[in-house]
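Listed here are the chains, written in short residue letters.
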Amino acid sequence: MPEGLVYTGIPSAAELAACPGIPSRERTAKGRVAVIECVQEIPCNPCERVCKRGAIKIGERITELPRLDGGLCTGCGVCVALCPGLAITVVDKTYSATEASIDFPYEFLPLPQKGGLVEACGRAGERVCTGRVLAVKKTAAYAGTAVVSIAVPVEFADDVRTMRVLRATEK
Amino acid sequence: MRNVAAEVAVIGAGPAGLCAAYQARSAGADVLLIDENKLPGGQLFKQIHKFFGSGEHQAGVRGFDIAKALLTRVAESGVRVKLDSLVYGIQPDKSMGLLDAEENCLLRAEKVVIAAGAKENYTPFAGSTLPGVIGAGAAQTMIHINRVLPGKRVVMVGAGNVGLIVSYQLLQAGAEVAAVVEAAPRIGGYGVHAAKIRRAGVPIYVGHTISRAYGGTDGGGDCGAGAGGVEHVEIVRLDENWRPVAGSEFTLDADTVCLAVGLSPMTELIWMAGCRFEYIPAFGGHVPLHDHNMETTVGGLYVAGDVTGVEEASTAMEEGGLAGVAAAEALGYLSASAAARKKAEIAARLNSLREGPFGDARRAAKEKQLAAMARFCSCEAERGAV
Ligand SMILES: Cc1cc2nc3c(=O)[nH]c(=O)nc-3n(C[C@H](O)[C@H](O)[C@H](O)COP(=O)(O)OP(=O)(O)OC[C@H]3O[C@@H](n4cnc5c(N)ncnc54)[C@H](O)[C@@H]3O)c2cc1C
Ligand code: SF4
Ligand code: SF4
Numbered sequence: 001m002p003e004g005l006v007y008t009g010i011p012s013a014a015e016l017a018a019c020p021g022i023p024s025r026e027r028t029a030k031g032r033v034a035v036i037e038c039v040q041e042i043p044c045n046p047c048e049r050v051c052k053r054g055a056i057k058i059g060e061r062i063t064e065l066p067r068l069d070g071g072l073c074t075g076c077g078v079c080v081a082l083c084p085g086l087a088i089t090v091v092d093k094t095y096s097a098t099e100a101s102i103d104f105p106y107e108f109l110p111l112p113q114k115g116g117l118v119e120a121c122g123r124a125g126e127r128v129c130t131g132r133v134l135a136v137k138k139t140a141a142y143a144g145t146a147v148v149s150i151a152v153p154v155e156f157a158d159d160v161r162t163m164r165v166l167r168a169t170e171k
Numbered sequence: 001m002r003n004v005a006a007e008v009a010v011i012g013a014g015p016a017g018l019c020a021a022y023q024a025r026s027a028g029a030d031v032l033l034i035d036e037n038k039l040p041g042g043q044l045f046k047q048i049h050k051f052f053g054s055g056e057h058q059a060g061v062r063g064f065d066i067a068k069a070l071l072t073r074v075a076e077s078g079v080r081v082k083l084d085s086l087v088y089g090i091q092p093d094k095s096m097g098l099l100d101a102e103e104n105c106l107l108r109a110e111k112v113v114i115a116a117g118a119k120e121n122y123t124p125f126a127g128s129t130l131p132g133v134i135g136a137g138a139a140q141t142m143i144h145i146n147r148v149l150p151g152k153r154v155v156m157v158g159a160g161n162v163g164l165i166v167s168y169q170l171l172q173a174g175a176e177v178a179a180v181v182e183a184a185p186r187i188g189g190y191g192v193h194a195a196k197i198r199r200a201g202v203p204i205y206v207g208h209t210i211s212r213a214y215g216g217t218d219g220g221g222d223c224g225a226g227a228g229g230v231e232h233v234e235i236v237r238l239d240e241n242w243r244p245v246a247g248s249e250f251t252l253d254a255d256t257v258c259l260a261v262g263l264s265p266m267t268e269l270i271w272m273a274g275c276r277f278e279y280i281p282a283f284g285g286h287v288p289l290h291d292h293n294m295e296t297t298v299g300g301l302y303v304a305g306d307v308t309g310v311e312e313a314s315t316a317m318e319e320g321g322l323a324g325v326a327a328a329e330a331l332g333y334l335s336a337s338a339a340a341r342k343k344a345e346i347a348a349r350l351n352s353l354r355e356g357p358f359g360d361a362r363r364a365a366k367e368k369q370l371a372a373m374a375r376f377c378s379c380e381a382e383r384g385a386v
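Each protein sequence line maps, in turn, to chains A and B. Going left to right, the first sequence walks through residues 1 to 171 as our numbering numbers them. Going left to right, the second sequence walks through residues 1 to 386 as our numbering numbers them.
None of these hints come from the bench; they were simulated from the model. Heads up, some of the hints might be wrong.
Claimed, not checked - Cross-link-like lysine to aspartate or glutamate pairs, in silico, EDC-like; alpha carbons within 20 Å at most: (1) B:Lys119 <-> B:Glu278; (2) A:Lys138 <-> B:Asp65; (3) B:Lys38 <-> B:Glu102; (4) B:Lys38 <-> B:Glu110; (5) A:Lys57 <-> B:Glu355; (6) B:Lys152 <-> B:Asp253.
From just these sequences and the hints, can you work out the full model?
Structure follows, in structure tokens:
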């Protein structure tokens, strides 16, 4: 089976490596930063508009891929909630000595509880590890999308992109 | 038979019709907007996801919120709106049969804009007449309008944007999606929509199709579809010539099969009026010829939105706006220069929506449609000259 977004629904390693929305290794090492996994030219540009720092550039042609300027991004997370493709996360590999934090959009109920444990999942919905919920934000400006922040072991920071709420029996 | 009259009659209150009505009305025309549904907004009221497009097209705003904004604008502008009313026929002189709350009326308008949208396609397979086999649009209506879950475990057929988005909405509503099956070798819809449902754990099988739905026993009883409905679904892999590969079948438990196998423009009224058509597969089948004003080969009859070729709400809004401006201009409510300015702005936005790998095919299709119209017009002109 061929790899890649149009065959599997999952951006391949090669697609992510070539994606202009992914921050550099050096930038990631400095702390909170947006990771924009938008690898296909679609007519879309709200991320550019909502980033008040000007860290996301698309330009006149709205089908261009969003380019992240890691130097300007503060990791504020506004774009995470407002990207209609749910393609953006904010990753902080410096969250603690051993943990990274991942902020991702989440549009299912029930929402997880702050402090609770969840199943941290990858791009195919597979379980990667256990995550600890740091925050759940759902403001009016987010227009219905919640942003959940979880802590996971730092070695999983590039693999965890979402979560599943654990059922009572799994806790 | 009661007579109903308007300067501009707009058939269909989806994004295209709403924008056409608003533009014509705000230029000063008397506008009657008609929809067979009890709620205006067309497809938009079923779209709870955040839209794509540019900021100008309200990207990032959820579909039903876009509809609400359009409706408010239309209501404030003074458009007359008739809901629960069906236009069931039209003559080449543009006089129309209108069922207004079951009363049969004769509707006449100097300019008519048809913005009737599109209808869902169907695909036959063994067991496709079992209860529990439904259209993706029906699933959306059940979830968002009627607030009932069509089933507990769903197999979605089709990985275009509709199949992907409705799968996501089924998950949000609490159903399980057993799989998305796509006959083509690649996912047709936007990758970000596919990625959302993959992250939620839904497998997508490209190069596969549904070969059979089993059921019909009482065992289906506790499922959404009711007794006698779908219980299992057989999936089969297709080779490069789209032929089923023997021995590749596998079975999934499911009580619902959702078909999202494409949309076709709802062109019945436009055929009836005697308009010329062109067959353009990228647009979903036969589409009416129209010029840059959205006017068809029948003078004073305009078309806009999915009915001119299946695209998106963003393009539907712009085409509607064009038709509204052109109708108002033809009625003398806008000077040629004012209308030209508005039309140029809209055309520029339409162009930006028909770019990139997804837009290129639609742009080529639209160019083909406009070129066919130009050919038709020059033939007519020649004939007139003889
Ligand atoms: C699942 C799904 C997701 C989508 N997501 C997006 C998206 O993210 N972004 C985007 O831009 N687009 C999206 N679209 C596409 C968008 O919804 C349509 O392209 C758009 O609604 C077309 O607008 P329209 O006005 O042409 O037709 P419609 O919205 O279909 O409206 C047509 C209206 O005409 C009425 N009507 C028809 N015939 C008659 C008659 N004879 N008499 C009276 N009334 C009549 C109908 O009742 C209907 O209300 C999506 C579509 C679907 C199905
Ligand atoms: S996280 Fe904030 S600063 Fe960084 S790209 Fe997103 S909106 Fe801009
Ligand atoms: S808003 Fe999201 S989907 Fe749209 S271009 Fe930006 S990153 Fe891509």
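Hints, one by one, checked against the model:
{"no.": "1", "hint": "B:Lys119 <-> B:Glu278", "in the structure": "holds, 18 Å"}
{"no.": "2", "hint": "A:Lys138 <-> B:Asp65", "in the structure": "holds, 18 Å"}
{"no.": "3", "hint": "B:Lys38 <-> B:Glu102", "in the structure": "holds, 13 Å"}
{"no.": "4", "hint": "B:Lys38 <-> B:Glu110", "in the structure": "violated, 26 Å"}
{"no.": "5", "hint": "A:Lys57 <-> B:Glu355", "in the structure": "holds, 17 Å"}
{"no.": "6", "hint": "B:Lys152 <-> B:Asp253", "in the structure": "holds, 10 Å"}
When each numbered hint is compared with the structure, a violation occurs for hint 4 only.
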